[in-house]
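Peer 1: The lines below spell out each chain.
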Amino acid sequence: MNGAGTKAIEIKEFSHYFAAAQTLKRITLDVLKNEILGIIGPAGSGKSTFLCALNRLNDLIRGSRVEGSVRIDDQDIYGPEVNVVELRRKLGMVFATPVPLPRTIFENIVFGARLAGRTAREEMSKLVRDSLEKVGLWEEVKDRLDSSALQLSGGQQQRLCIARILALKADFILLDEPTSGLDPISTMKIEESLRLLKRDYTIILVTNNVKQSARVADRTAFFLGGELIEIGPTDRIFTAPADRRTDDYLRGRFG
Amino acid sequence: MRLNPRLEQTVAQAVLWVFTFATVAVLLFIIVFILSRGLPVLSLDFLTRSPVDMGKGGGIFSTIVGTLALTLLAILVATPLGVGTAIYLTEYTWGGPVTRVIRFGAECLAGIPSIIFGLFGFILFVTKLKFGWSILSGGLTLAFMLLPTIIRTSEEAIKSVPPSYRQVSFSLGSTKWQTVTRVVLPSAMPGIITGIILSVGRCIGETAATIFTAGSALRLPTSIFSSSRTMAVHFYILAREGISMPNAYGTAAILVLSILAINLLTYALMNRYIRKYK
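The listed protein sequences derive, respectively, from chains A and B.
Using numbering that gives the first Met the number 0, you'd call the opening residue of the first sequence number 0 and step up by one each time.
Using numbering that gives the first Met the number 0, you'd call the opening residue of the second sequence number 0 and step up by one each time.
Hint data in this document are derived by calculation from the structure and do not stem from the laboratory.
Please note: incorrect hints may appear among the correct ones.
[To be verified] Taking lysine-lysine pairs in the BS3-like style, the calculated list, with each CA pair at most 25 Å apart, reads:
#, chain 1, residue 1, chain 2, residue 2
1, A, Lys-168, A, Lys-89
2, B, Lys-129, A, Lys-168
3, B, Lys-55, A, Lys-89
4, A, Lys-32, A, Lys-168
5, A, Lys-210, A, Lys-197
[As the list claims (entries may be wrong)] So these bits of chain A aren't anywhere near chain B, every CB distance computed over 10 Å:
#, residue
6, Ser-14
7, Thr-22
8, Asp-29
9, Gly-43
10, Asn-54
11, Arg-61
12, Glu-85
13, Phe-105
14, Thr-118
15, Asp-129
16, Arg-143
17, Ser-179
18, Asn-207
[What the hints assert, rightly or not] Over the 12 Å line for every Cβ pair with chain B, so calculated as not near, a few chain A residues:
#, residue
19, Thr-5
20, Glu-9
21, Pro-41
22, Cys-51
23, Gln-74
24, Glu-80
25, Glu-138
26, Val-140
27, Ser-152
28, Asp-182
29, Ile-184
30, Lys-188
31, Ile-228
32, Thr-233
33, Gly-251
In this text, a Cβ means the ideal position worked out from N, Cα and C, and glycines have one as well.
All chains, full assembly: derive it from the sequences and hints.
Peer 2: Okay, structure coming up:
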C-alpha cells in the first residue's frame, strides 16, 4: 500500500492558456504517491487552474488550451485516447465552497458510483458508511441519510464532499481551498481527515492559508503569476526558502 | 420640492397598496362575477351531458373532452420540443450567432397573435396536410404557439441552476448527458413545470387558434381526427350568437374553476418536490 517516494503524477513543461492569456507557465513538477502536496500562492497565481488542469475540468471553459505533458500512470492525460470521464473519477475534486447536490446525503455519496453503473443496494449502503466514516461524519448523520444534504452545516457539507470523492474509489484527492469558508473547528476536522486519508490517497491541497500548508503538507509548492517558483519539503520551504519571492510571500510582504 | 422622507415613505406605501389592491380587486371581481352567474347553471348533468340544440340545452361534456384532448396533445408535443431546444441552447452551445438567431426567432414567435397561429395551422395542418378540422390540427397548432413560452421559461430555469452543480457533476465523472439529466434537469424542474402550467392555462383559454384548426363540432370526439369544440370556443359561440347566456356563463365558470384547480394542484405537487430536495 505504501509506495511513498514513487511518482504519481509527472508534469513536464506544462503551460495553460485561456484564449490569449497564459495562466500557467512551463510548470515542471512531480507529485509523489501518498503525499500531501500543498500549493500556496497569492490569488491569481494559477493554483486553481493547475488543479483543474489535472482532472481536465478546465476543458469546460471555452478557449482553454494546453502545452507540455501531464502523465498519470504512464499515460499523458491530454493524449487523444484518454477517457476524460474515467480520468475525473480517478482524481476526485473538492471545491472552495462545499457543493452538495440538491439530493439526500445518501444519494450525494453514491452519485459517482451510480454514474459508473454501480447500483447494488447493499454495496451502496456499505459505500456510504465507509466513506462517511473515513471523514468522521458517519456518527453525525447516520440517522438522517435520507434527508437533504443541503441541511448540513458548512463544515459537514465539505466533509460530505470529501466522502463523495472517497466513494468514487479515486486515487487522488484534489482540494481547492477546501476550508476557506469554514470555521476553525471544521477546518481542524478536515485537516485531521486529510492526514488519515494520506495513507490511501495522494492529495494535492491548494490553499490560501499558508499555515494550513505548514500544518498538513509533506511538501509545499509556491506559485506566483502562473509560475512554479519553488517546491520542496514543507519544513525547508518554511524555514529556508530558496527564492526571495517565497520568503517575501511567507513573511506577508505581499499576497 | 422634496417631501420629508417619512411622508415620502408613507405616500409610497399607500400608493403601492392601492395598486396592489386594485389588481386583486379586478381579479376578484371577474371571478365573483363569472361564478355568480355561472354557478347556478352548474349541475352534474351540465358536466356529463353533451350539448343539445347548438348548446341551448344539455351540458358541455363534449367540449370538456375536446379541451382536455387538445391541451394534452399540445403539451405532449410542445414539452419535449421546447425543453429539448432549451437544453440545447443553454448546455450545448457557446452562445454564438446561431444560438442568438434561434433565441431571437423564438422570442418573435412569442409575440405573434394567436389568430395568426390559427391561420397558419389552418393552412398547414387542415388543408395542406389534410388533417381537416381535428384535434390533431388544433393540438399541433397550439403546440407551436406554446413553444416560445416553454423554451423561454425552461431556458431561464436551466440557466438558474448554479454552474457549480455542473462542475461537481463533471468532476465526479459524469458525461455531459448524465450531467444534464441527473443534475441540471432535476434542479430546473420547478421552473420548467411552471412554464408548462402557464401553457396549460393558455391552451384551455385559447379560442382564436383552435376555432380555425379544431373546428367547432359539438359531437363527442372519438379520435384525434375528430373535429372538436373547446370550452372557450363554446363560450364564445354561445355568447356571440346569443344562443344561451346562462350556459355561456356556466361554461365560463368551469373554465375559471379548472384553471384554478390546475394551478393549485401543480403548486402543491411542486412544493412537495422542492421540499424533498431543499
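Peer 1: When you look at the beta carbon of A:Phe-105, is every beta carbon of chain B farther off than 10 Å?
Peer 2: Holds: least Cβ distance 13 Å, greater than 10 Å.
Peer 1: At 12 Å, judged by beta carbons, does A:Thr-233 keep clear of chain B as stated?
Peer 2: Fine: 26 Å to the nearest Cβ keeps A:Thr-233 off the interface.
Peer 1: Tell me if the straight-line CA distance from B:Lys-55 to A:Lys-89 falls inside 25 Å.
Peer 2: Not satisfied, since the Cα-Cα distance of roughly 73 Å exceeds 25 Å.
Peer 1: Could you let me know if the closest chain B CB is still more than 12 Å away from the CB of A:Cys-51?
Peer 2: Answer for A:Cys-51: violated, closest chain B Cβ roughly 9 Å.
Peer 1: Measuring Cβ to Cβ, find out whether A:Asp-182 lies farther than 12 Å from everything in chain B.
Peer 2: holds, 21 Å
Peer 1: Should the label of A:Glu-138 as a non-interface residue stand, given a Cβ cut-off of 12 Å to chain B?
Peer 2: Non-interface label on A:Glu-138 holds, nearest chain B Cβ at 25 Å vs cutoff 12 Å.
Peer 1: Against chain B, does A:Thr-22 keep a CB gap of more than 10 Å to every residue?
Peer 2: holds, 17 Å
Peer 1: Straight-line Cα separation of A:Lys-168 and A:Lys-89 no greater than 25 Å?
Peer 2: At roughly 7 Å apart (the allowed maximum being 25 Å), A:Lys-89 and A:Lys-168 satisfy the hint.
Peer 1: Closest CB-CB distance from A:Gln-74 to chain B, is it above 12 Å?
Peer 2: holds, 16 Å
Peer 1: Beyond 12 Å from every chain B Cβ: check whether that's true for A:Val-140.
Peer 2: holds, 17 Å
Peer 1: Does the claim that A:Asp-129 lies outside the interface with chain B hold up, using a Cβ gap greater than 10 Å?
Peer 2: Check passes; 17 Å lies beyond 10 Å.
Peer 1: Please verify that the nearest CB of chain B lies beyond 10 Å from A:Gly-43's CB.
Peer 2: holds, 19 Å
In the structure shown, a violation is registered for the earlier hints numbered 2, 3, 10, 11, 12, 22, in ascending order.
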